[in-house]
Amino acid sequence: MFRLSRCGAGAVSFLTSLHRCPCLRSRGLGRVAFSSSARARRRDDFVKDLENEFVKFRQKVKEVLPGSDWSPLYQTPGLPPERADIVIVGGGVMGWSTAYWLKKKEAIREGVRVVVIERDPTYSRASTVLSVGGIRQQFSLSENIHLSMQSAHFLRNIQEHLNVVNEDPVDIQFNPSGYLFLAGKEESGILEENYRIQRDEGAAVILLTPQQLQRKFPWINTDGVVVASYGLENEGWFDPWLLLNAFRRKAISMGVYQCHGEVVGFEHSTRDMETDDGRSISLKRIHRAIVRMPNSAECQPVECALLVNAAGAWSGKVADMIGIGNGPEGTLEGTKLPVEPRKRYAYVFHCPNGPGLECPLCIDHKRTYFRREGLGGNYLGGRSPTEEEEPEHSDLEVDYTYFQEAVWPNLAHRVPAFESLKLKNAWAGYYDYNTFDQNAIIGTHPLVSNMFFATGFSGHGLQQSPAVGRAVAELILDGKFKTLDLGAFDFIRFYKGTKVLENNIV
Amino acid sequence: MLKILIPTIMLFFVSWLTPKKWLWTIITTHSLLIASLSLLWFKWNTDMGWDFLNQYLGIDPLSAPLLILTCWLLPLMILASQNHMYMEPIIRQRTYIMLLISLQTFLILAFSATEMIMFYVTFEATLIPTLIIITRWGNQTERLNAGTYFLFYTLMGSLPLLIALLIMQNNIGSLSMLIMQYSQLDLTTWADKFWWTACLTAFLVKMPLYGVHLWLPKAHVEAPIAGSMILAAILLKLGGYGMMRIIVMLNPLTKEMAYPFMILAIWGIIMTSSICLRQTDLKSMIAYSSVSHMGLVAGAILIQTPWSFAGAITLMIAHGLISSTLFCLANTNYERMHSRTLLLARGTQIILPLMATWWFLTNLANLALPPTINLMGELLIITSLFNWSNWTILLTGFGVLITASYSLYMFLMTQRGPTPQHLLSIYPTHTREHLLLNLHLIPTLLLILKPELIWGWTC
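Quick note, the sequences are listed as chains A and B, same order.
For what it's worth, my numbering labels the leading residue of the first sequence as 13, then goes sequentially.
For what it's worth, my numbering labels the leading residue of the second sequence as 78, then goes sequentially.
Derived from the structure by calculation, the hints contain no laboratory data.
Among the hints, a few may not be true.
Simulated crosslink set (SDA-like; lysine to any residue; CA at most 20 angstroms straight-line) [claimed, not checked]: (1) K296/A / P505/B; (2) K492/A / T496/B; (3) K378/A / K296/A; (4) K329/A / Q450/A; (5) K492/A / R493/B; (6) K228/A / A424/A; (7) K296/A / T506/B.
Anything over 10 angstroms on all C-beta distances counts as not near chain B; from chain A, calculated [stated by the list, open to error]: (8) R54; (9) L62; (10) E118; (11) L244; (12) Y269; (13) Q270; (14) T287; (15) G290; (16) E409; (17) H425; (18) L435; (19) W439; (20) N462.
Source: prediction; values computed, not measured.
By construction, the Cβ of each residue, glycine as well, lies at the ideal position given by its N, Cα and C atoms.
Please work from the sequences and hints to get the whole structure.
The structure is reproduced here in structure tokens:
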């Protein structure tokens with residue numbers, strides 16, 4: 013099928029249809045059945061064809077006239093702009109939160125040009141939308157506690173932050189039901205230690221003895237539980253898809269450009285410098301991000317001053333593209349970004365006699381968790397696998413035998429009503445798992461001057477996203493952290509070997 | 078005259094025949110030689126009249142400073158473009174240089190033309206290389222839009238000028254600038270008013286006057302550095318020069334008909350300076366500052382007093398040098414960070430202190446600090462405007478205030494403040510960049526020692 017110019021095609025097809033015209037064809041084949049009515053009919057067909065051709069021709073001319081977006085220079089729709097100030101790789105909740113805060117902090121309209129590049133507009137494999145959606149302050153690191161607390165304050169006042177004029181109000185369906193951590197004998201010391209840290213930082217958490225626990229939650233079986241910590245305020249769960257869309261809608265209304273494409277490489281320049289002790293080191297600066305269009309081989313370089321790596325589970329791959337980690341082991345050049353995807357399952361089951369409305373997100377000391385889902389007796393549950401049980405992450409297929417063997421027995425043990433449950437649904441999602449210390453990576457890279465990280469959250473990114481977005485925006489626009497000092501999450505700790513560990517990881 | 082013109086035309090062939098290794102060095106050296114030769118034009122043998130005269134070309138105290146500025150700017154443009162043209166294929170580099178040289182030739186012919194039609198033809202001819210430079214080597218997709226605006230605004234303005242010149246040729250018989258002012262044109266009829274407007278529209282659009290200034294921010298921002306430099310420094314002054322040449326013919330209508338344009342010009346000073354305070358793009362800010370200064374010049378030319386003409390020429394030269402310096406400074410930022418946004422290029426004084434000195438000097442000159450020639454020009458203009466009408470002092474004074482505030486804002490935003498982390502490893506300033514900025518600033522600072530050179534023929 014070759015393309016003629018639109019105007020010419022109308023005329024040519026008109027001519028070809030003349031050949032297809034029945035009267036001419038019949039004349040050519042020699043079949044001649046002359047009756048006046050037949051001839052009249054053939055003439056009518058001829059006139060009708062002629063009229064159709066005129067209609068088509070008029071339509072084609074209308075397309076060419078000014079006011080239509082046809083142009084002889086065909087331009088691929090949806091290309092990213094040729095230059096932007098800040099390119100955010102990854103359109104999950106971290107990327108859009110950073111974009112929103114960048115636009116909120118610019119003092120003047122259109123102060124910075126921000127482009128968010130997301131390769132999958134359906135978010136079919138993104139960690140954000142497949143997340144269980146919980147938010148808690150029960151961490152052991154004070155930075156994590158504050159990140160979650162300030163994010164919770166943001167989410168409680170989400171109307172005034174993310175409301176767009178003339179659009180529907182934002183509702184993330186926040187269920188403030190709290191988190192309940194149960195500890196056996198070995199873990200009780202850690203739990204109480206964490207409780208003290210959390211209280212010091214201002215989180216509203218209480219410790220419960222087994223008797224108090226039984227009184228408060230009669231459906232629970234306190235066998236093996238020595239102490240429990242329950243979050244009273246700013247803890248619960250919400251719908252991550254609604255939060256993502258709220259951030260996205262608000263950011264786009266503030267002028268952030270969105271592009272559907274995949275970052276496949278970078279154009280960068282290298283500069284050799286010398287350290288104090290005479291070792292030569294090379295600094296890279298990203299000049300352009302090369303974005304490949306979906307389902308196409310066409311690439312568009314986007315010139316950028318800064319790049320934010322918020323690619324979630326695939327941040328390691330994006331870091332590889334710029335050469336982070338290409339170097340001898342043990343050197344700064346050879347330190348990779350230790351983020352890889354890890355698959356986690358979430359199972360939805362129905363239990364009519366279950367805990368009911370008064371059900372927090374309950375986490376067992378065997379790392380089994382469940383929470384209420386909706387108001388119809390459905391629950392969401394799962395379990396963090398051990399290192400040996402770690403599923404392979406090439407696809408998002410669900411392993412139902414894991415539920416039968418590992419999750420259900422623990423659930424049934426903890427909540428006797430769960431002995432009779434019916435598994436309704438299940439899905440799998442990725443953690444952007446930080447293999448080093450399972451905590452966030454926020455800040456710049458020492459050798460790539462203009463790449464910022466906002467990744468590696470290992471399962472607790474969604475709940476920290478508003479505060480992390482603000483922190484990255486402060487780092488970019490103000491030059492340093494202002495509200496929260498997240499210097500502990502810097503990349504350099506991977507080189508130095510100082511782990512920033514959480515004491516209870518789910 | 079030919080001693081400058083023939084070497085400039087020869088530079089065409091130099092740019093195509095030089096081997097790749099020596100291209101930029103040779104072009105820079107030759108154009109510097111031509112620039113130093115052009116300083117001979119400052120030696121006026123006659124006091125107020127035409128010098129270096131031949132049948133077609135001549136120099137008078139109005140065109141001499143502008144011509145010397147044009148010749149001076151070519152080596153500076155070549156110096157500035159060296160970095161971003163480095164990566165291009167050699168043929169494109171040669172084409173780029175050829176475009177700059179052809180622009181230079183047309184500008185020399187335009188400023189030294191003694192006949193109005195020759196001036197008009199070369200005035201229009203300068204559009205073509207500029208358009209090609211903007212649309213081919215500009216940085217963003219908006220450059221096509223910018224080129225269209227630039228081309229059509231100027232063309233729409235200058236078509237009436239062609240007709241007006243032809244009418245004049247028909248009526249008077251000659252369009253030579255040497256005898257134009259002696260022809261007694263009695264302009265009284267309604268059609269004469271149209272003729273008056275037709276004469277001036279092209280130059281007012283080029284200056285630009287506030288109402289028809291939309292092409293300028295677009296063209297300046299989207300052009301590459303050499304394009305921005307030549308646009309800001311010289312092409313705007315073509316408008317001012319043309320106005321000053323033709324306005325001697327336009328009496329006595331100018332007394333009444335100038336009013337709407339005076340209002341636009343002086344009000345434009347305040348409006349465009351205020352827009353500067355809200356700009357996020359550094360080059361856009363410098364472009365609007367150009368409109369603001371040129372508004373003063375337009376107002377001065379329209380009132381036609383000796384001091385105002387002197388002030389207009391002085392401010393044109395001063396603004397040409399300083400505006401070009403500002404664009405070079407913005408380009409040094411852009412080449413390192415690939416972003417012109419003010420919010421991202423902050424606090425560079427700590428990392429590049431000598432560059433901060435040049436930023437400081439340039440911004441001080443931009444806000445017309447004594448004893449720069451910018452102040453001399455602005456003072457002459459503001460005083461003559463005050464003489465023309467006492468009320469203008471309110472507007473021009475307010476304009477000076479806002480000019481000072483946005484110049485300081487530009488300095489404080491780019492130099493002071495917290496240095497962002499991603500700027501800590503940018504390349505230090507090249508010697509070439511220091512040379513470029515000093516070759517702009519030294520004439521600016523030296524001219525105050527002998528300002529008679531740029532006062533024109535009225536003082």
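Evaluated hints:
no.	hint	verdict
1	K296/A / P505/B	holds, 15 angstroms
2	K492/A / T496/B	holds, 9 angstroms
3	K378/A / K296/A	violated, 45 angstroms
4	K329/A / Q450/A	holds, 18 angstroms
5	K492/A / R493/B	holds, 15 angstroms
6	K228/A / A424/A	holds, 19 angstroms
7	K296/A / T506/B	holds, 18 angstroms
8	R54	holds, 52 angstroms
9	L62	holds, 41 angstroms
10	E118	violated, 6 angstroms
11	L244	holds, 39 angstroms
12	Y269	holds, 13 angstroms
13	Q270	holds, 17 angstroms
14	T287	holds, 13 angstroms
15	G290	holds, 18 angstroms
16	E409	holds, 41 angstroms
17	H425	holds, 51 angstroms
18	L435	holds, 49 angstroms
19	W439	holds, 39 angstroms
20	N462	violated, 4 angstroms
Taken one by one, the earlier hints fail for this structure at numbers 3, 10 and 20, listed in ascending order.
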